[in-house]
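Protein chains: 2
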Amino acid sequence: MRVTLVNTGTELLLGDVQDAHLAFIAREILPLGLRIEERRTVPDTEATIRRTLGELLPACEILFVTGGLGPTDDDITREMVADVLGLELRQDPQLLSSLQQRLQTRGIKWTARIARQADVPAGAQVLPNQNGSASGLYLKAKINPRITSPHLFVLPGPPRELQPMFQASVMPILRSIVPASGLLERRLYKIAGVGESLVEEAISGKLMAVPGIELGYCARPGEVEVRIIGKAEAIEQADAIIKSALGLSIFSTADESLEEVIVKLLASRNQTLAAAESCTGGLIANRITNVPGASNVFIAGYVCYANQAKSDMLNVDPKLIEEHGAVSEPVARALAQHARACAESDHALATTGIAGPTGGSPEKPVGTVYVALDLAKSETIARKFFFPTDRETFKELAAQAAFDLLRRKLLATS
Amino acid sequence: MRVTLVNTGTELLLGDVQDAHLAFIAREILPLGLRIEERRTVPDTEATIRRTLGELLPACEILFVTGGLGPTDDDITREMVADVLGLELRQDPQLLSSLQQRLQTRGIKWTARIARQADVPAGAQVLPNQNGSASGLYLKAKINPRITSPHLFVLPGPPRELQPMFQASVMPILRSIVPASGLLERRLYKIAGVGESLVEEAISGKLMAVPGIELGYCARPGEVEVRIIGKAEAIEQADAIIKSALGLSIFSTADESLEEVIVKLLASRNQTLAAAESCTGGLIANRITNVPGASNVFIAGYVCYANQAKSDMLNVDPKLIEEHGAVSEPVARALAQHARACAESDHALATTGIAGPTGGSPEKPVGTVYVALDLAKSETIARKFFFPTDRETFKELAAQAAFDLLRRKLLATS
Chain A
465 MRVTLVNTGT ELLLGDVQDA HLAFIAREIL PLGLRIEERR TVPDTEATIR
515 RTLGELLPAC EILFVTGGLG PTDDDITREM VADVLGLELR QDPQLLSSLQ
565 QRLQTRGIKW TARIARQADV PAGAQVLPNQ NGSASGLYLK AKINPRITSP
615 HLFVLPGPPR ELQPMFQASV MPILRSIVPA SGLLERRLYK IAGVGESLVE
665 EAISGKLMAV PGIELGYCAR PGEVEVRIIG KAEAIEQADA IIKSALGLSI
715 FSTADESLEE VIVKLLASRN QTLAAAESCT GGLIANRITN VPGASNVFIA
765 GYVCYANQAK SDMLNVDPKL IEEHGAVSEP VARALAQHAR ACAESDHALA
815 TTGIAGPTGG SPEKPVGTVY VALDLAKSET IARKFFFPTD RETFKELAAQ
865 AAFDLLRRKL LATS
Chain B
465 MRVTLVNTGT ELLLGDVQDA HLAFIAREIL PLGLRIEERR TVPDTEATIR
515 RTLGELLPAC EILFVTGGLG PTDDDITREM VADVLGLELR QDPQLLSSLQ
565 QRLQTRGIKW TARIARQADV PAGAQVLPNQ NGSASGLYLK AKINPRITSP
615 HLFVLPGPPR ELQPMFQASV MPILRSIVPA SGLLERRLYK IAGVGESLVE
665 EAISGKLMAV PGIELGYCAR PGEVEVRIIG KAEAIEQADA IIKSALGLSI
715 FSTADESLEE VIVKLLASRN QTLAAAESCT GGLIANRITN VPGASNVFIA
765 GYVCYANQAK SDMLNVDPKL IEEHGAVSEP VARALAQHAR ACAESDHALA
815 TTGIAGPTGG SPEKPVGTVY VALDLAKSET IARKFFFPTD RETFKELAAQ
865 AAFDLLRRKL LATS
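Chains as they are written, first to last, in my numbering: chain A, 465 to 878; chain B, 465 to 878.
No lab work stands behind these hints, which were simulated from the structure alone. Do not take every clue at face value.
To be verified - Some, not all, of what chain A presents toward chain B, calculated at C-beta under 7 Å:
1) E475
2) L478
3) P495
4) R504
5) L553
6) V634
7) G680
8) N750
9) A764
10) A805
11) G824
As the list claims (entries may be wrong) - Over 12 Å on every C-beta distance to chain B, these chain A residues come out as not near it, computed from the model:
12) D480
13) D703
14) G745
Claimed, not checked - Partial list, computed: chain A residues near chain B (C-beta under 10 Å):
15) T536
16) Q555
17) P557
18) A605
19) K606
20) I607
21) P609
22) E741
23) A749
24) V767
Where is the CB? At the ideal position from N, CA and C, for every residue including glycine.
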């Protein structure tokens with residue numbers, strides 16, 4: 465089936481906003497045997513949207529259009545779709561009242577512009593938006609018998625609105641449209657503590673023996689994602705190969721983040737965590753507290769950024785800092801030990817390092833970081849890493865290293 | 465002049481590789497008054513590239529095509545362009561010998577496939593590649609008098625090859641093509657503390673009075689971005705209107721984040737900050753410490769996630785928590801006051817709220833948050849907000865509200 469994606473939004477063409485929809489939708493629909501065969505990015509102007517729809521409606525079988533469903537003047541996708549398809553726009557009373565309620569709850573003033581978001585082309589199915597006021601629309605193929613048109617999905621522009629809507633409402637419709645013979649399975653493996661080229665070396669040769677497997681890699685700071693796609697039988701063979709080659713380095717096969725895995729592991733053991741963060745500056749606490757249920761396992765985070773704070777907050781001996789430097793293994797160990805003692809938690813992680821761009825020295829260049837873990841039974845582990853990169857990536861890599869240290873230790877002692 | 469960009473590459477449509485060309489080219493050409501009016505992403509297949517060129521050649525005035533100039537089988541852009549424009553491909557002897565030399569230097573074996581990279585459509589200008597073997601091509605408008613075609617630039621796919629080539633070779637050609645009268649300016653305003661629809665209400669009507677201004681909005685959690693593009697004189701008028709209508713709500717006109725602005729404001733005043741974070745769970749500290757130079761202004765962050773931690777870390781009276789609840793104005797005030805006292809900083813921010821998805825009650829539903837600011841001179845300000853949304857957006861909105869409270873207070877007392 466010929467699938468096309470149209471991203472509307474002048475801001476996309478100015479280069480100010482990076483499109484996230486293509487990658488997301490491509491990955492979601494791949495297991496259905498669907499691929500995007502063309503993507504167009506067009507501005508929010510009537511003439512362009514009209515021309516683009518006119519060209520694409522007769523030419524594809526599934527069409528996704530994103531953006532332009534909001535309340536402002538440049539949001540015209542809903543109106544253009546109805547117009548080009550020759551469908552009347554009708555106000556949906558249920559949608560209108562839920563919109564009014566939504567705005568009232570948030571104390572936002574009602575305006576006539578917002579009311580446009582309750583307009584629905586005749587015969588279209590409304591796709592609920594859990595995270596915003598702009599509902600999506602599904603218009604089945606040939607919704608107007610006089611006009612050749614594909615299955616058309618009109619979706620909101622913000623990724624945090626589009627993505628849950630896509631999974632909850634679009635995928636079930638796609639599954640009912642797509643012939644089952646095309647069905648492929650997809651598996652995902654998230655790996656920490658091993659670089660991309662070593663992951664590839666460990667599995668790519670062995671996977672050659674499994675015919676019909678498509679293999680993909682994606683590297684992010686501190687983790688590698690391996691994807692395989694194929695028919696069920698081949699997938700099982702490939703799965704066994706990957707698991708035996710990578711073992712404990714695989715932290716999730718369910719697209720979880722490392723912090724989600726940590727929260728689950730701790731919760732299942734009824735254990736708690738604290739963190740003393742110098743160079744990661746709160747990132748460890750922030751990532752852990754992004755996970756629902758974090759309050760059951762995370763007690764406290766000590767962002768001891770200044771040296772004085774390391775002593776004031778956590779009673780680290782100033783002499784230890786003076787003797788070894790704040791960025792040193794003894795200080796990392798002390799931070800973890802004192803954090804665990806102060807928070808009365810089962811475990812504590814600590815980081816101390818030089819994020820840069822300034823602050824490096826020949827002995828301790830920018831990118832140096834010590835990660836420590838203090839565990840129940842008074843065992844303390846410390847590791848030194850070197851991540852010479854930009855500041856934010858450095859923080860991500862250090863946090864990732866800390867989480868992975870804890871994860872491996874929890875699994876080893878279970 | 466109608467400008468179109470075509471990105472070729474099957475990998476782009478699978479979502480594995482993020483396109484960087486659109487943003488780069490858009491920003492490079494904007495000062496010439498040029499903007500990309502449409503972008504198409506298409507796979508490396510003969511039929512699609514042929515169809516796409518057939519549709520676009522007669523329809524635009526400047527066309528950029530990226531990718532497909534390499535030596536592998538799926539690199540067919542050069543051949544397709546020559547074919548569709550009815551131009552003979554001729555081997556360029558100078559290009560051939562420089563290619564041979566390049567490969568010899570690198571010890572790469574010469575193959576017939578590589579020789580294709582020395583083929584040039586008749587009449588095309590070669591654009592040298594400083595960082596790779598694939599030269600670019602410039603074909604002037606109507607290079608074949610029998611075929612309607614635009615100024616056509618064929619450019620290599622890797623950004624590190626395309627970008628220097630664009631600046632060194634493409635820009636001079638564009639400058640000679642584009643009439644000088646087209647030159648435009650662009651301004652950007654980042655706004656906090658006011659929602660998108662209110663921002664629009666405040667400026668869009670007034671800006672109607674300025675002819676030739678293009679206005680764009682982009683909303684992100686807790687901030688709105690306004691962009692204007694136009695001729696210099698109109699831009700000055702629009703700038704005055706926007707600044708007078710939005711005043712202090714504009715936190716940056718230089719594309720800075722709110723935390724960058726905070727770090728600058730504090731540094732220029734020689735003042736320091738601490739943060740006591742319950743519901744934001746370290747996000748405030750994390751965002752501040754993403755800014756280079758944060759160590760000069762940020763002392764410490766107390767991520768007092770558990771109630772016990774609020775008392776243990778910051779000596780908040782357990783009775784206060786018992787009496788008013790952890791999510792309350794008195795506790796928010798106490799957290800800010802104690803954080804400032806413990807860290808001995810000039811200012812301290814505090815947050816306490818219910819991120820959800822669980823933990824809400826009828827009196828304090830999920831989304832409730834108190835933000836407090838304790839300032840030098842022992843003044844404490846607290847604000848209540850309601851952000852009923854997903855957990856991560858809730859944290860972003862609460863952190864944003866805290867930063868904006870501090871920013872406005874710093875500006876008011878300067």
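For each hint, the structure was consulted:
no. : hint : verdict
1   : E475 : holds, 5 Å
2   : L478 : holds, 5 Å
3   : P495 : violated, 13 Å
4   : R504 : holds, 5 Å
5   : L553 : violated, 21 Å
6   : V634 : violated, 16 Å
7   : G680 : holds, 6 Å
8   : N750 : holds, 4 Å
9   : A764 : holds, 4 Å
10  : A805 : violated, 11 Å
11  : G824 : violated, 13 Å
12  : D480 : violated, 7 Å
13  : D703 : holds, 20 Å
14  : G745 : violated, 3 Å
15  : T536 : holds, 6 Å
16  : Q555 : violated, 19 Å
17  : P557 : violated, 22 Å
18  : A605 : violated, 22 Å
19  : K606 : violated, 24 Å
20  : I607 : violated, 26 Å
21  : P609 : violated, 28 Å
22  : E741 : holds, 8 Å
23  : A749 : holds, 3 Å
24  : V767 : holds, 3 Å
When the structure is compared with the earlier hints, violations turn up for hints 3, 5, 6, 10, 11, 12, 14, 16, 17, 18, 19, 20, 21 and for no others.
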